[in-house]
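K.L.:
The lines below spell out each chain.
2 protein chains.
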Amino acid sequence: MTTVAQAPTFDDAARAEILLALTPDVGPILRTRLLERFASAEAIFAASEASLQEVQGIGPKISRRIIGARHEVQLDAQLAIAREHGLTILLPQWPGYPRSLREIPDPPGVLFVRGAIELADQMAVAIVGTRRATHYGKKQAERLAAGLARAGITVVSGMARGIDGVAHRAAMAAGGRTIAVLASGVLNPFPPEHVKLAEEIEQQGAVLSEAAPTMPPLAGMFPQRNRIISGLTMGTIVVEAADRSGALITARHAMKQGREVFAVPGPVDSPGSSGPHRLLRDGAKLVTCVDDVLEELGPLAEAAPDQRGGNIRIAAEVLLNEIEHAVLQAIEPTGSMLDDVAANCAMPIHRVLATVSVLESRRLVRKVAGNRVARI
Amino acid sequence: MTTVAQAPTFDDAARAEILLALTPDVGPILRTRLLERFASAEAIFAASEASLQEVQGIGPKISRRIIGARHEVQLDAQLAIAREHGLTILLPQWPGYPRSLREIPDPPGVLFVRGAIELADQMAVAIVGTRRATHYGKKQAERLAAGLARAGITVVSGMARGIDGVAHRAAMAAGGRTIAVLASGVLNPFPPEHVKLAEEIEQQGAVLSEAAPTMPPLAGMFPQRNRIISGLTMGTIVVEAADRSGALITARHAMKQGREVFAVPGPVDSPGSSGPHRLLRDGAKLVTCVDDVLEELGPLAEAAPDQRGGNIRIAAEVLLNEIEHAVLQAIEPTGSMLDDVAANCAMPIHRVLATVSVLESRRLVRKVAGNRVARI
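Chain order of the listed sequences is A and B.
Numbering-wise, full-length UniProt numbering puts 118 at position 118 of the first sequence, and it's gapless, one number per residue.
Numbering-wise, full-length UniProt numbering puts 232 at position 232 of the second sequence, and it's gapless, one number per residue.
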């Protein structure tokens, strides 16, 4: 199930929304305040400079930027370029916009997407880290990304040199999906040596950005970009990171967004492990293998398709063996009779009971009565 | 200030207590119950088999062991050997018996000591780990032991091969003190290749055991010995340890005794780091350097002398610079006037105020009024 096909043209309301999202100096907070005051993006662009300045945080400089946005942003040109390159454009209220991203306090006002975001990408984990990765760090990123990919988890990262690039590549090599979130426009990927990588990712996932498609990489965009990496995922794994680094910013975003933070420990005399060790002191979960991650992840925003033709509500379900999976799929969230489960699975009742005990201990089902069980 | 000199002979009460502590199959719990029932060790050995069996947990087998103890233990021979080798014998209620060890639920009924336990050994930290240490693990044990020793902290360990031995040696090389706790008798050190190490430790600390001086190493004694390692210290650092290992047992003892547990992270693909990582998951403090340890340690059972001629109440005080140290030493636990502190230190009042702020932020002093400050 891929993203809803993009409308070939946009109505005036959508165009105004995209323009607002691309207006320089208007970040998610100001955008929200403006929409609260004027009700629609169209109304914002029709407003006078004086009335714009009634909004807290908007002075002469920003009000002028808003009024000049239509000229400055060159929306028509950007939309034409997007169409020409087959980009998908997503607004927060549209179907196809990732639900987990919609739930963060400051969701991007627009996403430009190369490739496709699928419903299965709800089950996503970020792997991030330093550009100056050690052999050890790369090995761990590779191992975890491959393991997550094999488990059907989409690996999200920032396509930077070092850990990020390794994570994307390992996920794809394992036959899995991966999403790269860029700070620059998706048609202007950074760093330049990853242009080819972006093309590969487009085939096995998506390259996306909230910046206009041809936007060059600006240093100030990177920290802000990181909220999208964590926001797309159930949890963020920091593999190697210096003490002040983008990966730690991503981890802080994940914490604020209520997502899990994982850190891979390493040698205490390796500078790249000081970031993960700091996170571990601050309560991040220690990761040595993929199971450590899957067991910690909470329920999905909505059920996602799994690789075995069922659906997944909690990430740890991908750890189940065939019998456990079959029994789980036969149990309804509203509760099922144990006899019915046994009949549906064509299994003797004692085997169903034993399996339900396992599922209970993994907190995937709960007994609702002596002979009834419900999926959590 | 060394241990109180040992009395050349023991009175009957003391002899009975030592005998009770050495009686096979009578551990700390049974010993406590017996003393509750019979009030003294002498009375226990005068009791009938029938009355001994009135104590919970004592059946015919153990009551016979108690009655046969005087013969089996060969107390006179052991005491003669102890005297001949200049061992110090300590009973829990005697001065010189380590106070931190007296506070654990199951203190040894007797300690045989080669070398000397000093008052400064109250400020002790255990460093323990696997016998099959990696180069990385040994390097960390060495670095931490040396750093602790230089800070005036006594390093306690189990004199095993691997991490333990490295920790003892590094503490001595740094000019510090170290204590080895043996499972065998102190005159029968294990492993055999550490006989020379024991002689060195005796010169710069102590080798001690609750076993009779010539007792051979028995496998069952090692886990029990580990409670003494943690019990002598404010905290235990686990450097490298396999998943089921003696070092983890020491860490669990430390937790139960209310002492700190520290773990050194390492490469996730190194089996020796799986123990520390498990401890970190269970809430152990992550250690990368000595300061990480000192900052976490709570107040000492009683003030200990420091290397600068003052006294120490909280381990983190060894981290202070000269000025901070001088100001701290001028502040009484009952409170001092700031003007008096300034006069005692021959310092301008603004400097005292600034230094007091630092000490306050390190939670070493507290303001008790606008112009009064007290040591914590």
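Source of the hints: derived by calculation from the structure; they are not laboratory data.
The beta-carbon is built from N, C-alpha and C at its ideal position, and this holds for glycine as well.
Some clues are possibly wrong.
In the DSS-like style, the derived pairs of lysine-lysine whose C-alpha atoms are separated by at most 25 Å in a straight line are [what the hints assert, rightly or not]:
1) B:K139 / A:K139
2) A:K285 / B:K256
3) A:K139 / A:K285
4) A:K285 / A:K256
5) A:K139 / B:K138
6) A:K256 / B:K256
7) A:K138 / B:K139
8) B:K285 / A:K285
So the derived list for chain B, only partly shown, Cβ under 8 Å to chain A, looks like this [claimed, not checked]:
9) G220
10) M221
11) V264
12) G266
13) P271
14) H277
K.L.:
Indicate, hint by hint, whether the structure satisfies it.
P.N.:
Tested hints:
1. Straight-line distance between C-alpha atoms of K139 (chain B) and K139 (chain A) comes to about 23 Å, which keeps the hinted pair within the 25 Å bound.
2. Annotation: proposed proximity of K285 (chain A) to K256 (chain B) holds, straight-line Cα distance about 23 Å (limit 25 Å).
3. In summary, the hint linking K139 (chain A) to K285 (chain A) is supported, as the alpha carbons are separated by about 19 Å, within the 25 Å threshold.
4. Between K285 (chain A) and K256 (chain A) the CA atoms are separated by roughly 15 Å; this keeps the pair inside 25 Å, and the hint holds.
5. Taken as a hint, the K139 (chain A) and K138 (chain B) pair is honoured in the structure, with Cα atoms around 24 Å apart against an allowance of 25 Å.
6. Note on K256 (chain A) and K256 (chain B): the hinted pairing is violated, with a Cα-Cα distance of about 34 Å set against a maximum of 25 Å.
7. Restraint check for K138 (chain A) and K139 (chain B): the C-alpha separation of about 24 Å stays at or below 25 Å, so the hint holds.
8. Taking the CA atoms of K285 (chain B) and K285 (chain A), the gap is about 13 Å. The hint holds against a cut of 25 Å.
9. Restraint check, G220 (chain B) versus chain A: the minimum CB separation of about 32 Å is more than 8 Å; hint violated.
10. The beta carbon of M221 (chain B) comes no nearer than 33 Å to any beta carbon in chain A, farther than 8 Å, and the hint placing it at the interface is violated.
11. Nearest Cβ of chain A to the Cβ of V264 (chain B): about 6 Å, under the 8 Å cut. The hint holds.
12. Hint status for G266 (chain B): holds, given a least beta-carbon distance of 6 Å to chain A, under 8 Å.
13. Taking 8 Å as the C-beta cut-off, the interface hint given for P271 (chain B) is violated, the closest approach to chain A being about 11 Å.
14. This hint holds: H277 (chain B) has a C-beta 6 Å from the nearest C-beta of chain A, less than the 8 Å allowed.
Hints 6, 9, 10 and 13 from the earlier list are contradicted by this structure; the remaining hints agree with it.
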